[in-house]
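With the sequences and hints as input, model every part of the structure.
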Amino acid sequence: MSLLIEAEGLVYIYPDGHPALQGVSLRIQRGEKIALVGPNGAGKSTLLLVLGGLLRPTAGILRVEGEEVGNGDPRRLRAKAGLVFQDPDDQLFSPTVFDDVAFGPIYQGLPEWEVRERVHRALEAVGMAWAASRISHHLSVGEKKRVAIATVLALRPELMLLDEPTAGLDPRGRRELIRLLHRLPQTMLVATHDMRLVAELFPRVIVMDQGRIVADGPAHQILRDEALLEAHGLEPP
Amino acid sequence: MNATHFHFHDPYQPLDSPVHRLDPRVKLILALGFILTATLLPVGAWLSYALLGAAAWMTAHLSGLGIRNVLRRSVLALPFVLAALPVVFTAPGPSWLTLSLGPWQIPVRVEGVIRFLSVLLKSWLSLQIAVILVGTTAFPDLLAAMRAMGVPRFLVMTFGLMWRYLFLLVDEAIRMLRAREARSIAPEVPGHRVGGTLAWRAQVTGRMVGTLFLRTLERGERIYMAMVARGYDGEVRMLPMPPLSGPDRALLAGGLLFLIGILLLGWVSRALFL
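Protein sequences, first through last, are from chains A and B. Okay, so the first sequence: first residue is 1 according to my numbering, each after it adds one. Okay, so the second sequence: first residue is 1001 according to my numbering, each after it adds one.
Hints are computed from structural coordinates only; laboratory data are not their basis. Backbone N, C-alpha and C define an ideal beta-carbon position, used for all residues, glycine too. There could be a bad hint or two in this list.
[Said to hold, decoys possible] With the C-beta cut set under 7 Å, the calculated list includes, among others, these residues of chain A facing chain B:
#1 GLY52
#2 LEU54
#3 LEU83
#4 PHE85
#5 ASP89
#6 ASP90
#7 GLN91
#8 THR96
#9 GLY104
#10 ILE106
#11 TYR107
#12 GLN108
#13 GLU112
#14 HIS137
[To be verified] To spell it out: a stretch of chain B is covered by chain A in this simulated footprint if at least three of its residues, at any positions, have a beta carbon under 8 Å from a beta carbon of chain A; those stretches are:
#15 1129–1143
#16 1158–1172
#17 1219–1232
#18 1238–1249
[Unchecked claim] For each label pair, taking beta carbons as the anchor points, the in silico distance ranges come out as:
#19 B:ASP1010 x A:PRO19: 42 to 52 Å
#20 B:MET1241 x A:HIS120: 16 to 26 Å
#21 A:HIS182 x B:ILE1067: 51 to 61 Å
#22 A:HIS18 x B:VAL1081: 48 to 58 Å
#23 B:LEU1212 x A:PRO19: 23 to 33 Å
#24 A:GLY233 x B:ARG1178: 29 to 39 Å
#25 A:TRP130 x B:SER1017: 15 to 25 Å
#26 B:GLY1053 x A:ARG175: 50 to 60 Å
Written out as structure tokens, the structure is:
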């Protein structure tokens, strides 16, 4: 395994003065699948936005493959880390599914044949190739989620950042999504409240509360620590 | 529309017909050409109107939408033509008959009736072709056609985003209205007046509109972040469309010639008869 992401003392303060991250340090090895849990407002989404290169950290160091990116060109970070937003209606803004998955590759300046190839592969990977010419508005929530993941896969990111991937899904949609996440080879950091998903899929768990990491370790250890979970508003699966 | 979800009234009918298979660029250009022709025809060019109508109905039939269906849909927008009604009374020239309305005598002018009927027919024909266009062309294809025709890309992108999120916004408004209804309950004491004062209700409604605006703004920000995360840099970039095929070009040329012919016919016959 090689070190993919290294964060030291990340701080992020929103323009209104709200400190969302108060010194977050973590290391992510290539190929790891990590769950990010914690109560609402713990700073999980903010951390994903910072790691995805959408928010510039107020302070702290962020390295990707040993290279400092926190204050550099955020587009380099965005190319490495693909962010899947919680609400697929935010993620899917184009008229058709094809247009949406093609958006990233087109912006990377790829030639047309490669754009088409990547769209096809990405949709195939999430089992939505049949929907390429569909209109996003007509899809079910589960289908939209999978297309949202495809929009990021088409960019071939090293790290996938997912915010609440199972929120709002019915049991079958949830099951299909878990299978899909299990199958994908990418490194993953997934913010979630779904503790059964955590137990099933993630060898490593990071617990956040009030803008800090309060625990980081193997899932079987953390999920058994009822005192820790309860102290941070969580429940064992 | 039902109570939970805005029923998506996509006018597009996914059928397989020669009109559906036609390149969207050809359809868009011909439809715009048709409307332009109808607009530019002189008043009272009945033969040209009839030819345009025949072309529209033939297309409606070929497209599988059906003439009746197209007529029914195009009638929906006709009330707007009433705006042209005053011309019946205000046009110059001899009067045809006089309406007495109490102490007033209102002359109905021959020229006015002809003008009004012309406006009515022209609008109706234009609406029919518009109904056929959106009934046989999926909206994303229309957007692609606009782009290919050189409509500014930001405008096309704005159309696309509007079309994508309009229904979502309506859904959100419906959910808010339902939430208000769920709490607008019967009085505890039977016969007691409910609903608060008018001012209070107006205030509630105003705040709902404000909330909807804020949510839209926040959604807009999230959408923008989703775009930036995938490389958006303020430029609009899209895949190019393939060049038009031979048959498509031929049909486009033929259609435009037909429209020019109708236009000439209308003006030449007017010049001859006057």
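Task: Structure versus earlier hints - violations, ascending order - done: none
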